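Listed below, chain by chain, are the residues.
Number of protein chains: 2
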Amino acid sequence: MDDIYSRLLEGDRRAVARLITMVENGDPAAKEPIRRLHEHTGNAHIVGITGAPGSGKSTLVSSLTKVLRGRDLSVGIIAIDPTSPFTGGAILGDRIRMQDLATDPGVFIRSMGTRGALGGLSVATNDAVNILDAFGKDLVIVETVGAGQIEVEIVKLAHTSVVVTMPGGGDEIQAIKAGIMEIGDVFVVNKADREDSGRTYTEILMMLEMSERRDGRMPPLVRTVATTGEGVDDLAQVILDHHKYLKHEGLLEKKAKERIVAELLEIINMRVGKTVLRALQDDPEMVDLMGKLVETREIDPHSGASMVIRHLLKKGEG
Amino acid sequence: MDDIYSRLLEGDRRAVARLITMVENGDPAAKEPIRRLHEHTGNAHIVGITGAPGSGKSTLVSSLTKVLRGRDLSVGIIAIDPTSPFTGGAILGDRIRMQDLATDPGVFIRSMGTRGALGGLSVATNDAVNILDAFGKDLVIVETVGAGQIEVEIVKLAHTSVVVTMPGGGDEIQAIKAGIMEIGDVFVVNKADREDSGRTYTEILMMLEMSERRDGRMPPLVRTVATTGEGVDDLAQVILDHHKYLKHEGLLEKKAKERIVAELLEIINMRVGKTVLRALQDDPEMVDLMGKLVETREIDPHSGASMVIRHLLKKGEG
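Residue numbers (the numbering used here), protein chains in the order written: chain R, 1 to 318; chain B, 1 to 318.
Treat the hints as calculated values from the structure; they're not laboratory data. Please note that the accuracy of each hint is not assured.
Since the list can't tell identical chains apart, any single copy or any two copies may satisfy a pair.
Simulated pairs of lysine-lysine, DSBU-like, Cα-Cα distance not exceeding 35 Å [claimed, not checked]:
#1 Lys254 x Lys315
#2 Lys31 x Lys314
#3 Lys247 x Lys31
#4 Lys257 x Lys31
#5 Lys31 x Lys315
#6 Lys31 x Lys66
#7 Lys292 x Lys244
#8 Lys257 x Lys274
#9 Lys31 x Lys292
#10 Lys274 x Lys315
#11 Lys244 x Lys66
#12 Lys292 x Lys257
#13 Lys314 x Lys257
#14 Lys244 x Lys254
#15 Lys255 x Lys274
#16 Lys315 x Lys247
#17 Lys314 x Lys255
#18 Lys274 x Lys31
Keep in mind it's a predicted model, so treat the numbers as computed, not measured.
Whenever a hint applies, use it, and build me the whole structure from the sequences.
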C-alpha cells in the first residue's frame, strides 16, 4: 500500500485506477494511502456537471475536456453512472463516446456506479476526487445523471456547478426551477442547434433573472452544441472565470471549508450506518421476528424498529 | 390524535391530509395514529410508477386514474416531487394537471417533496402509502421522477412497478437497460403517437426479451398516448392482471414481507442517523475543529470522522 501511494505520486495511472477501485469497494486497505495523499490535495478546480438523461452531458464533458486540454490544463473525470440495484451493470455507451480522450495522458476518466449504499457513493466520489486532485489534475469534473438527491449532494460539493439542459423539456425546466436553480453556478442549453432552443434559452434566462440567489450573482447561461463543439470554448471560459471569481472574492476557501465539513458528516453517517447494518446482519432472526409481527399486524413498523434498536443497544452493552 | 385516527377511518379527507403532513414533517405526534392504523393496512394494491422527466408520467397517472375510477376502483396517489435542497419549493405544474381528479371523492392526491434527509423520504412515503391503504383506497400509486437510487428504492417496494419511457431517448433506453430493467413489472412507451415510437418500442421489447429476470416472467410492454387516453385502458388491465398474477402465484405475500423488512431497515437507519446528527449539532465545536484540521491537511477526512465518532461514543458513555 506504501507502494500504491508512491506510484500514484510518481504519475502511475494504474495506481490511480486501483486506488479508486479499492475506495469504491470499501476496501479498508485504501485508508492508509488516502490518509497520506491528503496533504497533496486542495489544488484542483472541482467542477460538478449535472443534467437530465438525454441532455448530452457526456458528449459535452468530452468536448469541454478537449478545449481544456487545448489550454494545456490536465483533467480528471469521474462519471457517476446509474447502475442496476441487482446486477451492478454500468452504462457503457457514454464511456465509449469518451474513448478518444482515453489515450491522452493528460486525461483520466473513471466511471463509478450508483450501486451500493446511499452514503457510500458520496464518500467514494469524494475520495476519488481527492485522489485525482493529489494526482495533480488541474480540473476534476464530476458528471452525474439526473437531479436526484445524491446528484445534488455531489454537485453541491463542487467549486463550480454546471447544470446542463436541452431544448424542449418543459418538465425539465420546472425541475431546474424547483431544485437545481440555486445550486448552479453555470447554466448550459445544449443541443442549441435545435429549432426550439431559443425559447428554452429565454425561459431559463428569465428564471435566472428572477431567482434570488444566495451569492447575489447572476449565473451565466451558455448555448452549446456538444457534438460540433460550438459554444464549448465559451463554456470552458465561463467555468474557469467562475474559479477566478471565487478566488478573488475569498469564496474559494469558504467553499473548501463547506466541502470538508460535508465530507466529514457523510463519512460519519456512512460508518454509523454500516455499523448498524453489520449488527443487524449478525442477528437476522431478530429482523425476521419483527417482520412477522408487523406482517400479522401485531405491531406497526415504527414500533418494530424501536424494538430492534433497543435490542441492538442491549446487546452492545452486554 | 385519537381524533385524527377515528376521523380518518370515518373517511375524513382532511384527517388524511393532516396526518401525511405530520409524517412528512417528522412530527412525533403522528406515531400514535400510525401505530393504530397499522391493523387496517395490507389491502391496497401498491403501484410504483417511474420514468425520466418529460416522459409524461403525471399525465399518464392522471389518465390511468380516470380509467381505474371508471372500473369503480378508488385510487390514492403519492407524487414524489423533486424539491429544492434550499427553498423547498415544489413543482406545481404536474399537480395542476391532476386538478380535474381532485374533486373526485374516490381519488386522493398528495405531493411529497424530496427535501430533507435521505432516509426520511422513503420512511415518510411508506407511511403515506400505509395511511392511504388504511383509508381504504383500492390502489395506491406512488409516482417518482427519474431513476435515482431513492426512486428505485421506492418503486422496488411497490407490488407492481411501472417504468414509463418515451420515444427517442437513447440515453434513457440505456438507463432502462442498466438500472430499471429488472425492477419493472410493466413497461410503457408513452407519447406513442410520435413518429419514432416504433423504433423505441422494438428496442425495449428486444431488451426485455434478452434480459434474464429473477421471476422468469416477460413483463408486458404497453403503448400509450396519455394526453388522449389511447392505450391507457390496456395499461390499467395489465397492472390489475399483475396483481392477480402475484396473488395466484403466492408472490403477493412474499412481496409484502420484503416490503415490511425493507421498511423496518429504513426506519432503523433513519432513526440512528438522526441520533448521530443530533449529537453532532449538540457539539458544533468538535465538527469545526475537525474541519480545520482537515483543511490545514493535518489529518485526512476519514481520520477526522473517526475522531468525531470516538468523541461521540466517549460522551455517550460519560
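| query | Using 35 Å as the alpha-carbon threshold, which applies to Lys255 and Lys274: within, between, both, or neither? | reply | Classified as both; 28 Å inside a copy, 25 Å across copies.
| query | Using 35 Å as the alpha-carbon threshold, which applies to Lys247 and Lys31: within, between, both, or neither? | reply | Within one copy only: 31 Å inside a chain, 49 Å across chains, cut-off 35 Å.
| task | Since the copies are identical, ignore which copy is meant and state whether Lys244 and Lys66 lie within 35 Å (CA to CA) inside a copy, between copies, both or neither. | result | Classified as within; 21 Å inside a copy, 55 Å across copies.
| query | Between the shortest in-copy and the shortest cross-copy C-alpha distance, which are at most 35 Å for Lys31 and Lys314: within, between, both, or neither? | reply | both (31 Å within a copy, 23 Å between copies)
| task | Could you figure out if Lys292 and Lys244 sit no more than 35 Å apart (CA to CA) within one copy, between two copies, both or neither? | result | Only across copies: Lys292 and Lys244 sit 23 Å apart there, 59 Å inside one copy, limit 35 Å.
| field | Intra- versus inter-subunit Cα pairing at 35 Å for Lys244 with Lys254 | value | Only inside one copy: Lys244 and Lys254 sit 14 Å apart there, 57 Å across copies, limit 35 Å.
| task | Evaluate Lys314 and Lys257 at a C-alpha cut-off of 35 Å and name the case that applies: within, between, both or neither. | result | The answer is between: 26 Å across copies meets 35 Å, while 38 Å in one copy does not.
| request: Since the copies are identical, ignore which copy is meant and state whether Lys31 and Lys66 lie within 35 Å (CA to CA) inside a copy, between copies, both or neither. | output: Only inside one copy: Lys31 and Lys66 sit 33 Å apart there, 56 Å across copies, limit 35 Å.
| task | Can you give me the call for Lys257 and Lys274, within, between, both or neither, at a CA distance of at most 35 Å? | result | Answer is both; intra-copy 26 Å and inter-copy 23 Å each pass.
| Up to 35 Å CA-CA - Lys247 versus Lys315, copy category | Intra 51 Å, inter 39 Å, cutoff 35 Å: neither.
| Taking 35 Å as the upper bound on the Cα-Cα distance, should Lys314 and Lys255 be classified as within, between, both, or neither? | between (42 Å within a copy, 31 Å between copies)
| Status of Lys315 relative to Lys31 across identical chains (alpha carbons, at most 35 Å) | both (29 Å within a copy, 26 Å between copies)
Hint 16 from the earlier list is the only one contradicted by this structure; the remaining hints agree with it.
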